[in-house]
Amino acid sequence: MTNPYQPQPAAILDIRPETAIDTTFRLAWDTPPSPGQFYEVSLPRLGEAPFSISGIGDGYLDMTIRKVGRVTEGIFALQPGDHVYLRGPYGHGFPLEQLAGKRLVIAAGGTGLAPVKPVIQYALAHPERFNGMEILLGFRSPEDILFREEIAAWQQQAPVHITVDRAAPGWPGKVGVITELLPGLDLAPLDQFQAVVVGPPLMMKFTVRALTERGLCDDQIWVSYERRMSCGLGKCGHCKINEKYVCVDGPVFNFTEARWLID
Amino acid sequence: MHDTPSETRRVRLSCEEADILLDNLAAHYRLFAPVRLPGRGRFSDQDAIRYAEVHTVHEIEHARRSHFSPKEILFPVSQTLFYLMDDALQEPQDDPRDMLVFLRACDIHGIARLDDIFLNNGPEPEPYYARRRARIKLALLECRHSLDEHCFCVAMGTNRTDAYAMAVRCDEGQLLVEVRDDDLRPALPASAAPADFTPEFPTADPQPVVVPDADRLQSAIRDHGFFAHPMWADYAKRCIACGRCNTHCMTCSCFTAYDIAYTEQPNAGERRRVWASCHIDRFTDMAGGHAFRDENGSRMRFKTMHKIHDFYQRFGRHMCVGCGRCDASCPEYISFATCISAISRVLEER
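Residue numbers (the working numbering), protein chains in the order written: chain X, 2 to 264; chain Y, 43 to 392.
Read the hints as simulated data drawn from the structure, not as lab findings. Bear in mind that the values here come from a model prediction, so they are computed numbers and not experimental data. Hints may contain errors.
[As the list claims (entries may be wrong)] Below are the BS3-like pairs computed for lysine-lysine, each with C-alpha atoms no more than 30 Å apart in a straight line:
(1) LYS103/X to LYS245/X
(2) LYS279/Y to LYS206/X
(3) LYS206/X to LYS179/Y
This is chain X alone, in the form it adopts within the complex:
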């Protein structure tokens, strides 16, 4: 019997700070996951934790990580050439085939942008497979904005709306919660849209509510849930919500399912 807990080493190729507290680690990895799937990442003797994938490319994965605990502190102490240990990918990612041909609304809050970024990049790389995309991004402050270079590139190809919760004087952009970006969206014809909403629980709750108030049906909305999965295999119980296990049934859920996930 093979051991699904056995991780594989992945060399760090590049380390790129995104904000004062978030850093993207590029790891050598040959088998690409689906956008939205996650990995369990470990450092021997420090521990293991689940991480989403913020970039997928030829021979590499990106993980955008915030230093908040033992494992991430260990990862932040590493240099290019050092190894972390991966097992996965786990779970169901975003349903690219169901998004195909549709107009996309992507709403991401804070680090919720990390797992959605590969979807945005896929859609921009294959514009013929979609019918346009609106990108709504919310951050706590201008200093918390992730992936600045990529966002600048996206703005050449699609409308990108950014808002921050608070900003020092001189910030030329919008201040307010992400739902305030929604009234400005042209959502016609309604049935052509598919929305992806990822972020902190409250952000997702109010963004989904605002989208349904604008007329989107539950089955047009996709969310991704974050939990502290210990196993990723449907056993450890940390990610259970009602009869669903986020690690194997999610982390991406259609809102027809997610609306019943009450924690």
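Take the given structure of chain X and dock chain Y to it, following the hints.
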């Protein structure tokens, strides 16, 4: 379910013959049974009853429920997943011997629930559990009646079972034995006298427990805000989140994996998994400090729903097997059985 055994044997054994049976079994199996540990109970001068390896019949505690469940034989409190030596991960060797576990009908059903999680949920079986599971046979410790006021196996439908290799009844110093498993039959002493014994099962709970209809409960949750019902606020006041109900439960199977480094040799250590549970603080903690179900009433609600609703929706049978260990272990005297009936009452009143 077992096929009809080719040749079930039913015998009555004297005390000496019973020990010969155990000796013969011990040649091939490690034998686990509930035993009484004098003075090790929760209060002074109280005994603990826990699972341990046994060699003689008189060690087996026949009359009372074990405080902790036999799940720890399959799913230990702490289990090493890997030895970590520099960058190498080495899987530990598990004891290769087969095991025979003496347990109650409710606990036999409990093992089927553990199977649902560890073997059937998710993409593949869990190897650490699966290896031990493949090595155990089950010996039914007969309950002719409920063991005490906490039992509610009849309400949960877990009072009866035929999923056992052998069954025993302690009868005035003698042992009545039914052996159904071909591998176990040769262990019976040659002198064993035939007897007319098939195990009996409890047919009534000491306190009636009314299990709510799962679909009706789902409708209450989805359409009528049942999670906000004031009954959960009562548990918020009473539950102290100690997690005893979880750790004593036969079917609670949650765990957390974590790493340690040996103090004397920091380049070596272990990746272990330890029991974790939904009542205990930090179970849902995430990176950055977010957590779910901070309030103890929400945790009681979460556990209750898993035991009598969520698991059923996923696997088609209730997770709770009515063993009563949660009620017997709660330091706040919260009764899970009463909670189940209270839910049924709320659904009726609606």
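Structure-based check of each hint:
1. Between LYS103/X and LYS245/X the CA atoms are separated by roughly 28 Å; this keeps the pair inside 30 Å, and the hint holds.
2. Distance check on the hinted pair: LYS279/Y and LYS206/X sit about 28 Å apart at the alpha-carbon level, within 30 Å; holds.
3. The straight-line distance between the Cα atoms of LYS206/X and LYS179/Y is roughly 49 Å, outside the 30 Å bound, and the hint therefore fails.
The earlier numbered hint that this structure contradicts is number 3, and it is the only one.
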